[in-house]
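Generate coordinates for the entire structure from the input sequences, incorporating the hints supplied.
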Amino acid sequence: MLRKLSARYPTDLSAWKKLSNHFRTEMRQKTLCSLFSKSKNRKDTFSLEAGDLFLDYSKNHLNKTTIKLLCQLARQANVLEAREAMFKGEKINHTEDRSALHVALRAKIADSIAHNTSDIMEVWEVLTKIESFVNKVHDGVIIGSTGKQFTNIVNIGIGGSDLGPVMASNALKPYWKKGIHFYSVSNIDGTQFDDLKKHLDVEATLFVICSKTFTTQETMCNANKARSWVVDCLGEAAIHNHFVAVSTNDSEMNDFGIQENYRFGFWEWVGGRYSLWSSVGLSLALTIGVDAFKKLRSGGRRMDQHFYREPTERNMPILLALIGIWYNNFFGCESQAILPYTNRLNRFPAYLQQLQMESSGKNTRIDGKPVRCNTGVIIWGESGNNAQHSFMQLLHQGMRFVPVDFILPSDCDLATAHCLAQADALMNGTTNEVTEPHRIHIGNRPSNSIHFKELTPETLGQLVALYEHKVFVEGVIWGINSFDQWGVELGKKLAIKNLQHN
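Here the numbering used here is used: the first residue of the sequence shown is 1, the next is one more, and so on.
Just to be clear, a hint being listed does not mean it is correct.
[To be verified] Simulated pairs of lysine-lysine, BS3-like, Cα-Cα distance not exceeding 25 Å:
(1) Lys40 - Lys64
(2) Lys294 - Lys178
(3) Lys68 - Lys43
(4) Lys64 - Lys43
(5) Lys17 - Lys64
(6) Lys88 - Lys108
(7) Lys40 - Lys30
(8) Lys136 - Lys108
[Claimed, not checked] Now the in silico label distances, taken between C-beta atoms and shown as ranges:
(9) Ala417 - Glu96: 45 to 51 Å
(10) Glu96 - Arg8: 21 to 27 Å
(11) Lys38 - Asp424: 14 to 20 Å
Source of the hints: derived by calculation from the structure; they are not laboratory data. Note that the Cβ used here is the ideal one computed from N, Cα and C, for glycine as well.
Given below as structure tokens:
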């Protein structure tokens, strides 16, 4: 289906050609300050709300004509039809012959998402099993081998099986259940686990192993180190009490010693970077509790409904994607900075790195032909105040043109003041206020600002789903598959060969 929808190169579309002309003849010469001077209501014109999120995209090099042409591009590239195909459960991940149904993981049964997909009803069975298990841990029904209640939750995974739980657990720290502590292990060299176990009470520690195949080298290396530690301290029989697995490989789980009711499955149509909503989120649910985990998924569903229902011109994920394409493919930008002004989101830039770069780092179209335009950009960032004292110098006065996404909860006046100051400084500069060349800030640097009242499970769910859909829309327009990652697979195979030779 998606192959048919993306049959034409985006550069051949009339809207793309009009955008090229619009960029050359009009927008390349205009400054952000001049755009604001011509429109007193520019912020109202170029902003919108979706759920609890407010997007201000007025500080971008665009006008009403730009948005009109970008929306034409989305329609000509069949974004709306591709969106429909995804929600219906069609196999839009054609290189792996799979659907991409992360939206089903946060849907309600009544939403009827992909209702014709054979295993879709299993989603709610697994989620119910997760809720029951989590509640039993918190109620002291499920306990360690010596009778101690679990207070340490250790997630063992890598990639999406690590970045998602780590990012979300850090973001939602105020929601941690009393007495529960979250930890993670991902690096293969062993030092991470060696350092961690010094701070753990083995009798009160529950390990959650996340590996779809239960053979992921980095994950199983760390899982086996943890297993040896538990056996040395508590004996072989303790494995049944202290390890939970998120996997589809029953044979390997049997060999490891995972008992039946401590196993949580998921599906081939759940990509790692989209898996937070699935049983991969078990360690998060164990940390924040069932109610907060439900609210996270509810927030994701709220953004799904906005993305599915709203027209292109008022659709936040689509607009973010179109602005990204505008800078990537017409301005020639090679990177984008993500700057959240709350330390709770300090792992969000890394989470988006994987989501966007693994999804959009492709040089081949869905039809197997080479792409003819740039696809993904380099995503990087840091919590905002730290960025101000490290790399913001380059954004203000460097020679690179780097669009910025500022992400700001409005519950801290000091952080709000700093964030708004940075956005204004990037746009306005200081050329009229100083004479010394080294003090001059040219300005004219673009940014989006995403605001919300406070960081809650619901707002985090909306924020994550917003960027998921942004990435999907970009991929549809470029004609690439946003749901495979063959570059990752190649490195794994070569590493195995190197080990065999050694």
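Hint check:
Distance hint between lysine 40 and lysine 64 is fulfilled; the C-alpha atoms sit about 14 Å from each other, no more than 25 Å. Between lysine 294 and lysine 178 the CA atoms are separated by roughly 18 Å; this keeps the pair inside 25 Å, and the hint holds. About 17 Å separates the Cα atoms of lysine 68 and lysine 43, which keeps this hinted pair within 25 Å; it holds. Only pairs whose Cα atoms come within 25 Å are accepted, and lysine 64 paired with lysine 43 is accepted, the gap being roughly 12 Å.
With a C-alpha separation of about 17 Å, the suggested pair lysine 17 and lysine 64 falls inside the 25 Å cut-off, and the hint holds. The hinted pair formed by lysine 88 and lysine 108 meets the criterion: a straight-line CA distance of about 14 Å does not exceed 25 Å. For the hint pairing lysine 40 with lysine 30, the CA-to-CA distance comes to about 16 Å; that is within 25 Å, so the pair holds. For the hint pairing lysine 136 with lysine 108, the CA-to-CA distance comes to about 24 Å; that is within 25 Å, so the pair holds.
The given range of 45 to 51 Å is respected by alanine 417 and glutamate 96, whose C-beta atoms sit roughly 47 Å from each other. At roughly 23 Å, the beta-carbon separation of glutamate 96 and arginine 8 lies within the given 21 to 27 Å, and the hint holds. In this structure the hint that lysine 38 and aspartate 424 lie 14 to 20 Å apart at CB holds, the actual value being about 18 Å.
Against the hints set out earlier in the document, no violation occurs for any number.
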